[in-house]
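Asker: Sequence:
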Amino acid sequence: EAQAGGNATGGSWRSVGFSSGTSYNAGAIIKEVADDLGVPLHPIDSVDGLIVRDIFVPEFFTRGLQRSPYPQAVRDAFRRFLEVYRAYDVDREVGRLDNLPFAEILKDYPQEIRDFFDSYGPNNWGARVRDTSAYVGIQSAQWMGGLEEERFTGEDGFGSLTRALAERAWARGPDRLLAGATVVRVQNDGDRVL
Numbered sequence: 358e359a360q361a362g363g364n365a366t367g368g369s370w371r372s373v374g375f376s377s378g379t380s381y382n383a384g385a386i387i388k389e390v391a392d393d394l395g396v397p398l399h400p401i402d403s404v405d406g407l408i409v410r411d412i413f414v415p416e417f418f419t420r421g422l423q424r425s426p427y428p429q430a431v432r433d434a435f436r437r438f439l440e441v442y443r444a445y446d447v448d449r450e451v452g453r454l455d456n457l458p459f460a461e462i463l464k465d466y467p468q469e470i471r472d473f474f475d476s477y478g479p480n481n482w483g484a485r486v487r488d489t490s491a492y493v494g495i496q497s498a499q500w501m502g503g504l505e506e507e508r509f510t511g512e513d514g515f516g517s518l519t520r521a522l523a524e525r526a527w528a529r530g531p532d533r534l535l536a537g538a539t540v541v542r543v544q545n546d547g548d549r550v551l
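For what it's worth, the working numbering labels the leading residue of the sequence shown as 358, then goes sequentially.
In short, the hints are calculated from the structure, not lab data. Any given hint could be a false lead.
Computed list of lysine to aspartate or glutamate pairs in DMTMM-like fashion (alpha-carbon distance at most 20 Å, straight line) [what the hints assert, rightly or not]:
hint: 1; residue 1: 388; residue 2: 513
hint: 2; residue 1: 388; residue 2: 512
hint: 3; residue 1: 388; residue 2: 507
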């Protein structure tokens, strides 16, 4: 991106902040940096809620699934999917799973679950079921739902923190930042960072 922080700078729509890039975190070091820069962060007091058939379902991936507007058979199938694949060792079969369409994993589940992932996937990893590897799809079951303890976010995700970090780096010398570039790897080289 042209600006420091890439797409993790957040934004605002009709005076409502929104995240781009990272939306939340649970790392103590992030809080320390935010405190040092005077950027307020706020606790997230529940796991992720979703809107299903125009109905908000708080804590969808835990207690909320049972209260969702899906038929009981779909709720049971969704729970079964999460139980099976949250415990699945995807790294043991990464080669096979990365070459298997996620659609193959979901073919025996109700259409509502495939529809769910067709909506969830583009927002989370950038693809629908037919264009997602089973590795990515199954892995999503392991991190979906925001089950981390003590998560926090800012008014616009971490946009304010990203901007504050950029301002501090620019103030210490414009040669400390490179815009219009993508970080592929960070490597120490003596007292320098490549």
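Asker: Enumerate the violated hints, using their earlier numbering and listing them in ascending order.
Answerer: Violated: none.
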